[in-house]
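Line by line, the protein sequences are chains A and B. At position 91 of the first sequence the residue is numbered 90 (numbering that gives the first Met the number 0), and the sequence of numbers has no breaks. At position 124 of the second sequence the residue is numbered 123 (numbering that gives the first Met the number 0), and the sequence of numbers has no breaks.
One thing to keep in mind: the hints can contain errors.
Computed list of lysine to aspartate or glutamate pairs in DMTMM-like fashion (alpha-carbon distance at most 20 Å, straight line) [unchecked claim]:
#1 A:474 <-> B:102
#2 B:199 <-> A:103
#3 B:201 <-> A:500
#4 B:201 <-> A:298
#5 B:89 <-> A:298
Read the hints as simulated data drawn from the structure, not as lab findings.
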Amino acid sequence: MYEHDVIVVGAGGAGLRAAIAAQEAGADVAIVSKLHPVRSHTGAAEGGINAALREGDSWEDHAYDTMKGSDYLGDAPAIETLCQRSPYEVIQLEHWGMAFSREEDGRVSQRPFGGLSFPRTTYAGAETGHHLLHTLYEQVVKRGIEVYDEWHVLNLAVTEEERPEDRTCHGVVAYDVATGELSGFKARDGVILATGGPGQAFDHTTNAVSCTGDGQAMAYRAGVPLEDMEFIQFHPTSLPSTGVLISEGVRGEGGILYNAKGERFMFEHGYASNDGELASRDVVSRAELTEVNEGRGIEDEYVHLDMRHLGEERIIDRLENIVHLAEDFEGVDATKEPMPVKPGQHYAMGGIETDENGETCVSGLYAAGECACASVHGANRLGGNALPELIVIGKRAGYHAAGKEMEPAKIETGQRGEYETATIDSPVELGEGGSPGDAVADGGAVAAGDPADPDTVLNATVRAEQDRIDELLNKEDGVHHSEVRSKVQQSMTRNVNVFREEDRLKQALRDIRDARDEYQNVKVMDPSRTFNTDLLQTIETQNLLDLAEAITVGALARREFRGAHWRAEAQERNDDEWLKHTMLSWNRGSPELWFRPVILEGENKTYEPKIRSY
Amino acid sequence: MSTQPPQQETDESTAETSAEPETESTSPGQQKRAAQKRERANASAQRQAEADAKAKADEETREIKVFRYDPEVEEKQEPRFDTFHVPFTKGMTVLDAVMYARDHYDPSLTFRHSCRQAICGSDAFFVNGRQRLGCKTQVSELDEPIRIEPLPHQDVVKDLVVDMDHFYEEMESVDPYFDPDETPGNDLEEQRQSRANREKVKMSTRCIWCAACFSSCNIAAGDNQYLGPAALNKAYRFAMDEREGESRKQERLETIEQEHGVWRCQTQFSCTNVCPKDIPLTEHIQELKREAVKKNLKFW
Ligand SMILES: Cc1cc2nc3c(=O)[nH]c(=O)nc-3n(C[C@H](O)[C@H](O)[C@H](O)COP(=O)(O)OP(=O)(O)OC[C@H]3O[C@@H](n4cnc5c(N)ncnc54)[C@H](O)[C@@H]3O)c2cc1C
Ligand code: SF4
Ligand code: FES
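Pulled out of the complex, with its shape left as it was, chain B reads as follows:
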């Protein structure tokens, strides 16, 4: 994966991606589509102009500037920002604002979203220079114009959508599943866990895979193979679970101790600061480091 921040999209990269659609745009159907597209662009520009005029008359709107890019659509191949004025209502979130802009001004505005309640982890964006969940960020708390960009350090697929594959690969590389030495033989017998131990792993189990932390991390930006805060937190969740047993724990510590593991972390706290689930990521990573040291002492 290239860890290229969207602001730095160069002409080169856009030229590359534009080659394909152009060679194909010769069929009459596509020419027609292109003509319609222009028409539509005009229509939507007009709608936006009307809204702009209304915005001046009416105080209760908010200005948002949204990053736009689509490798396949001619006028969007060059990354740009579009400005929208959305009517403000109490309780409005950044996600509400981009949904409004999409449904009323430009239906091609693209972003992931689903739950609208900070649990599906789809809509981490870079809002006014910081990783935030769109649905969990109140518009009223932000300075205008509100700048909404895709997560930095991930490839942009289109508009606010980034390629999550690399993040998922890191998450899945730490054996992210419960793997105890023993399981009760009886189908109805519980594998007991103390309250204290459940408390210990509780925060680590709250991760919603939004990748905000990963995107905020300088180390991950510089080292493509660095596991990153979320995957390390996932490893923590199992390594600290008393039900898995000691030998599995040692294996897990080996995984996180590898070259691109915990020792890369420079305790900058950026991940902890942006995590929408308040997971103390840096603390967890520090604790893993301590555990790893203990383990190594034991085997020396």
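Isolated chain A (complex conformation):
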């Protein structure tokens, strides 16, 4: 068994920042990550980091933009914390040497971004995330923070009191990818989840193969609610074969979208007669999909993004990296042919419920970054607002876990304070269903000794995970996880995309049910203990099943159109009924639905919901 004060799970921007803060606050901290830190998907972020740094701008304006962008589903205390602290954290990165793009006078450059009332997006070329990730990792190396890289966390060691609010997290169980060793990691003071998004729940995504939402699934099964999972951002221009993102810059420079008939559909079919290609992400994504659904897509799959008319010189000058992306990942010469594009899953606004200090309702358990929902982004994230969340909330979680004195949070977590319960209108049984073996899979190994003693809890969790691995490896016969995974991914892309209709959402729930049943017979084909990615991906697939279901249940429950979530049956925002967060708790093997009101009262003012038009 390994033991530290604070264990950080994940080494993307959020995890690295949390670890640095915890160490600064005096803790013995270790990072446990299934990938080496520099492989984390934070490295893929291109556009930039929002921070109100300059005269004429203010954190209040940034907060207003963020609240409006969230379609009034963000919690004001989280949004205000983000916007107040982002300038300090960005300058901190700068003091750590991050290679920001610069102005003539040597100060950090900023550019305009969609939904922002001031050009406040700081950036480092078109590789902002890469530089952020490497800069933070450099600081981790400098400080000698221990990193267990290529250790895959399989579960959390959490006590089993009746109410999640009474439980405590004592550590994690992780599997050494290289050797197959399974071990407990005891956390004396706290565990911070920073495991990134669940993009792989969809078969077409800008997210990495490793973005399987592990932390969300583990926290959910330990009793922590998942919040606002239905809010998924789809990016309108991703390459069809890989999901690689083609930045908004192409449309910003004048790139045009065409359907198979060569029509400039954004205008000709009236989707956005004013803004055309420059309408917001969700509008363009829905337009593209309508074209394809109505038979005007190319190869029934995608549309064309054409920038040839800009001329080779301008393209090379401003959009050179796009030419490389199209060539390397799609085999298309974008100076000579249009690029195929289609909407792709891009970002999950929802996640593990936390307060603005990153704390969950289970004591000793924290979450930060894309896996968490504080809630900063509400129903829709503005470009450039995810990276500041990593460094602002990541740092606070690190401090808090290490025991640093902090202002108490204003946001309530768990079933405390004001909330209402609800029922789910599902056509099939949800959750584990009738599978006897797994009904108690959530840490259900019988504990020998005092059930509240940290070592007992941890050892029992290690044994339960060992049993799970043995079972997966020793099955007589069965299906391969990749079949199960791809069925769910395809169903999600087909049924839970930018268009959401009751029948389709229910179909997705049926597909997920089937997949869950099939998963009972899943077997791992690779018998090796050495670098067994077959085993680990099989376990990730189980996480994806839980998350796909949570996303779909949320989408089915919310009968309104808010931010990224569009419902055929109710195509308008409904503030009278829906100014509330969708909460899902894992209750004895099946999801329980409840709601918590949004907090619109800020430090100095209350945000009044307004129409979100740009």
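Position chain B with the ligands against the provided structure of chain A, taking the given hints into account.
Relative to chain A, chain B with the ligands alone:
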């Protein structure tokens, strides 16, 4: 670390590694597993045979030959190449091809990968005799059969996975973090950097730690302690950053001037040729040499 190219895996080394699993394979569970394994191998051979037959009927497939080795699995202890025929689609990359082979023919086929967009640096392989990122290499540009091997000069862990520890140690041995003499006292005050200086270090900051350069370097293959192109480039990134100050720069030059530092480089350009991020590594190393000479003149 032994700098042993995978092609040269000898019988000796496999005999060594096979000892352990054998002594353990006596439990009934393991015998059962072994039996299942054979069954599965048959099933997957059959699937592959079907695919092969289809491949003949259908032109649009590509033949890949993938290096296989697993110290723990009996039939993989002897390194070998497996042939797969994968259906070709426009835009298909080498990574797509091995993922297809894994998901459809043999789930034990093992390799690192994550971002699929040339930014995480996980999937540098030795493809048709050259270090390349799998996700950034179009299948259509390669001659068939496409030979995919792990990076040479690094220990093979399994299939296409190599041990990266030595590479990481070299990267971390050059104090790879910003360490200025002074930082602005005010939490909101920037430490200014000229555009020209940012331009100067820009290419060096693009490294994704893929180790393609390191694997391509003859010197690194022969000298276990040679820092190698990526670590030297990392040192360059800080030594050339005007914000760090002169005294730190001198210290950095001392680090790269050590016995296994810049002077080992023989300007063969192999690293520069394979770097997927187009970093002018050899040029950077040459510049460090010049800086070191300047420094030494100054102190004479
Ligand atoms: C293409 C793209 C472009 C983007 N551009 C921008 C932008 O311009 N601006 C912006 O603000 N946002 C952008 N975003 C969003 C933003 O980049 C992400 O939300 C953010 O980087 C997520 O960081 P993270 O630290 O939460 O997770 P990640 O960086 O994904 O890291 C997750 C970490 O958790 C580890 N992990 C996961 N599961 C386990 C497990 N079971 N055990 C152990 N470790 C585990 C992984 O190894 C990894 O280290 C973009 C996203 C994408 C995909
Ligand atoms: S310098 Fe280039 S080849 Fe070498 S590790 Fe960095 S990105 Fe890879
Ligand atoms: S998969 Fe990330 S670099 Fe190729």
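Hint by hint, here is what the structure shows:
no.	hint	verdict
1	A:474 <-> B:102	19 Å, holds
2	B:199 <-> A:103	15 Å, holds
3	B:201 <-> A:500	48 Å, violated
4	B:201 <-> A:298	40 Å, violated
5	B:89 <-> A:298	12 Å, holds
Checked against the numbered hints above, the structure violates hints 3, 4; every other hint is satisfied.
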